[in-house]
Amino acid sequence: MGETPQRSAHAGTGGNPVTEGHERPAGASARVAEAPLRTRTPDENGMGGGGALPRAKAFGAERAFRALALAAGTAVLVIIAAIAVFLIAKAVPALRANTENFWTYEGWSPNDSQPKFGIGTLAFGTVLTAALALLVAVPVALGIALYLSHYAPRRVGTTLGFLIDLLAAVPSVVFGLWGRDVFVNPVRDFSAWLNEYFGWIPLFGGDGPFGRSIMLGSLVLAIMVLPIITSLSREVFLQTPTMNEEAALALGATRWEMLRTAVLPYGKPGIIAAVMLGLGRALGETIALAMTLGITFGISFNLIQNGGNTIAANIANAFGEANANGRGALIASGLVLFAITLIVNITARAIIYRRREFTESAA
Amino acid sequence: MAKRVDATNVTAYYGGFKAIEDINLTVEPKTVTALIGPSGCGKSTFLRSINRMHEVLPGARVEGSLTIDGQNIYDRDVDVTAVRRTIGMVFQRPNPFPTMSIFDNVVAGLRLNGVKRKSVLAETAEKALRSANLWDEVKDRLAKPGAGLSGGQQQRLCIARTIAVEPQVVLMDEPCSALDPISTLAIEDLMFQLKDKFTIIIVTHNMQQAARVSDRTAFFSIEKTGDPGRLIEYDNTQKIFSNPAQKKTEDYITGRFG
Chain A
1 MGETPQRSAH AGTGGNPVTE GHERPAGASA RVAEAPLRTR TPDENGMGGG GALPRAKAFG
61 AERAFRALAL AAGTAVLVII AAIAVFLIAK AVPALRANTE NFWTYEGWSP NDSQPKFGIG
121 TLAFGTVLTA ALALLVAVPV ALGIALYLSH YAPRRVGTTL GFLIDLLAAV PSVVFGLWGR
181 DVFVNPVRDF SAWLNEYFGW IPLFGGDGPF GRSIMLGSLV LAIMVLPIIT SLSREVFLQT
241 PTMNEEAALA LGATRWEMLR TAVLPYGKPG IIAAVMLGLG RALGETIALA MTLGITFGIS
301 FNLIQNGGNT IAANIANAFG EANANGRGAL IASGLVLFAI TLIVNITARA IIYRRREFTE
361 SAA
Chain B
364 MAKRVDATNV TAYYGGFKAI EDINLTVEPK TVTALIGPSG CGKSTFLRSI NRMHEVLPGA
424 RVEGSLTIDG QNIYDRDVDV TAVRRTIGMV FQRPNPFPTM SIFDNVVAGL RLNGVKRKSV
484 LAETAEKALR SANLWDEVKD RLAKPGAGLS GGQQQRLCIA RTIAVEPQVV LMDEPCSALD
544 PISTLAIEDL MFQLKDKFTI IIVTHNMQQA ARVSDRTAFF SIEKTGDPGR LIEYDNTQKI
604 FSNPAQKKTE DYITGRFG
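Going down the list, the sequences are from chains A and B.
Residue numbering for the first sequence follows the numbering used here, starting at 1 and increasing by one per position.
Residue numbering for the second sequence follows the numbering used here, starting at 364 and increasing by one per position.
FYI, nobody ran anything at the bench for these hints, they're computed from the structure.
Treat the hints with caution; some may be incorrect.
[Claimed, not checked] Derived DEER-like restraints, expressed as beta-carbon distance ranges:
1. B:Q571 <-> A:F65: 48 to 56 Å
2. A:F162 <-> B:G514: 51 to 59 Å
3. B:R480 <-> A:A131: 48 to 56 Å
4. A:W103 <-> B:A485: 25 to 33 Å
5. B:D385 <-> A:T242: 24 to 32 Å
6. A:E196 <-> B:N476: 45 to 53 Å
7. B:Q434 <-> A:L203: 53 to 61 Å
[Said to hold, decoys possible] Example chain A residues on the side facing chain B (calculated, C-beta under 7 Å, incomplete):
8. A75
9. T242
10. M243
11. A247
12. L251
13. P265
Model, not experiment: these values are computed from the prediction.
Idealized CB from N, CA, C, for every residue including glycine.
Isolated chain B, as found in the complex:
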């Protein structure tokens, strides 16, 4: 289920602007990896490069190689949609489809894959919602609009929608930044459970969160505005937060910079 992600010399552009440069990083299966760093350092760009969502923006492109268990997802003959099915993504703001019910939201990915059998859909929906710790809260109102849930529930709905298609890797782009502390806690608990099955990469601005949930932490930074973001340090979370090798990392996590 979970796969290793290998980035080699990943450089990403927005038109003429180089957002990240030469990122080299390996993410082990069934771990939670946190990407931290100041705003504009390219951690979200890097995250979006991993499932080829970066290139959705006009003029955006990626160079270098990114492999999932040895297969380069940027190879010419690779189907983009297959990449995105293998590598799911949860966004910063909860984004359930506003026109769909809770149930339809969860199975949206399955429907895109051509699954039509009602029993399969119902079974998968329940499984995904249970995995997202949302089932008990919504089981009586599956036909209601997904947008009617609270922010935290919507985000868990989006997680359920992402894991319903059984991806290998789950990317989370500041999944808790729009949520209250209790909902945040619920999502962090969820990450602990999910890493049994998935490789999780999370971008976060909250360093306590990175320290709490992740096994490994990557620190990104930029020299100055307009420069590309680089990977400064990548190590076990424990090490990064207690005894970082780089001065810049230490400055950032102690709040002297950023």
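Excised from the complex, chain A in its bound form:
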């Protein structure tokens, strides 16, 4: 601040008060001190508004914040680039050493002297479990969110909302343990029942054993993504302008019709974003699936037989015993997972973007 001297210091010297005197808002005392000077400059009217505009500050809080924000933004890019370079550098040698087709081979033996591994089964399992989890979780989550935001008394809504948020704070390893040791029993019984009566549907076919199946993994996953989807959707539903809800009611809508006419369409971009966040968690979930799935390498739509595996679960299970090449193979699988997540996110963005004309004016 050395270049912006105090006004009072200037006022008595008769220096160049007109151009330099307005750097800061005039304090009362400074103005009094300056008063005799002003009478000498004919342009001044004594109100403090005369003279040239103050120069912009070369350095100040504004610029410092801007630089800080820019640095933070750049850091993200640098970190992402560094991770990408690292992953690719580690993955490429392993992929070169692979003696089978990385995309189609059904199995994972990257530690052998003749490494054989394929991503197909893992990617399939990842997408299948995540999709099933969302299929179960999204309707339930939206139902809970609508109940909390529009049906429940305020106190009940707040309490239940808090409990749901609490569910999101449970560590995934706890879900995994619970799924493996407790939840597996009802799922096994249900699977056997499904197999008995609906065994003619390939999804529920097979001769067992049942339990540690895609179904168990997906259901545990569904419970895990439920809170995040519920909590975000609830926020979005609560933001629906009252005047839009009243417009629907005044047209003779029932409560459900009002939700369908005003609340759900208004919340659609938010719902999509919430589902995408849930999907992100489902695709990346590691330890709960590593503990609940049967861990087999094969592509099958059978939901109830022991089996299933995902990219993240495979990394957790195989990393401990992996040699250099094995780690490279796992990193390559991680890259594929990254690509899947990226595609999912881009798709979601595209969906939201296409409807922007109707959502931007919603504010």
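Use these hints to put chain B onto chain A, whose structure you have.
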């Protein structure tokens, strides 16, 4: 098409707070009735009681009887949604559904009634938009979002949406308070045309507007903050603005109070 509205001893509460007390008032078919009075005097509350929108707020309830051509809309076996279809409402701020196109906004009420035929929807939409004096301005962009229109156009869109379901009574809660003078004029002109078919009740803070558009005027007031609003005087608009019977009314319309 238009029906008589009869309020007998209507008292409305917000939880424990009594907002209006013992309102007795009869609105004749095919007239425009203006409700005027200072802020907080309960005129909007009374308006919202007429189509049972008051009870939408948590803890809000209405006592007394309100009849539409003799039928009490607060009877136990009356379907609320049917009441609101019969008695349409236009709100203070234009509130088209932001996610819907102009066309979808106009036919939203019909769709709620289960009308699906495209030809019926298109026909009704055009009719309603013409009645709202909006057709010429929007006929080439019916698929565009309703929220993209100007404020005055949005309000006329909301009027079109309300009259598309052919209600008997149209309630307007300060429909012009968010609009510029030209849009206000357009809506006032519209009211003149609409009263051929509908019974119109309008809440307004603008006394010139009440004098211009209404046949009858009801003046509401409160003794002091916290007291329930009461109907002070209800008469022909001409009479209210030239020779009111009550001192309070005179004070209000001449600007000495409020």
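Hints that the structure is at odds with (numbers, increasing): As far as the earlier hints go, 2, 3, 4, 8, 9 are violated by this structure, in ascending order.
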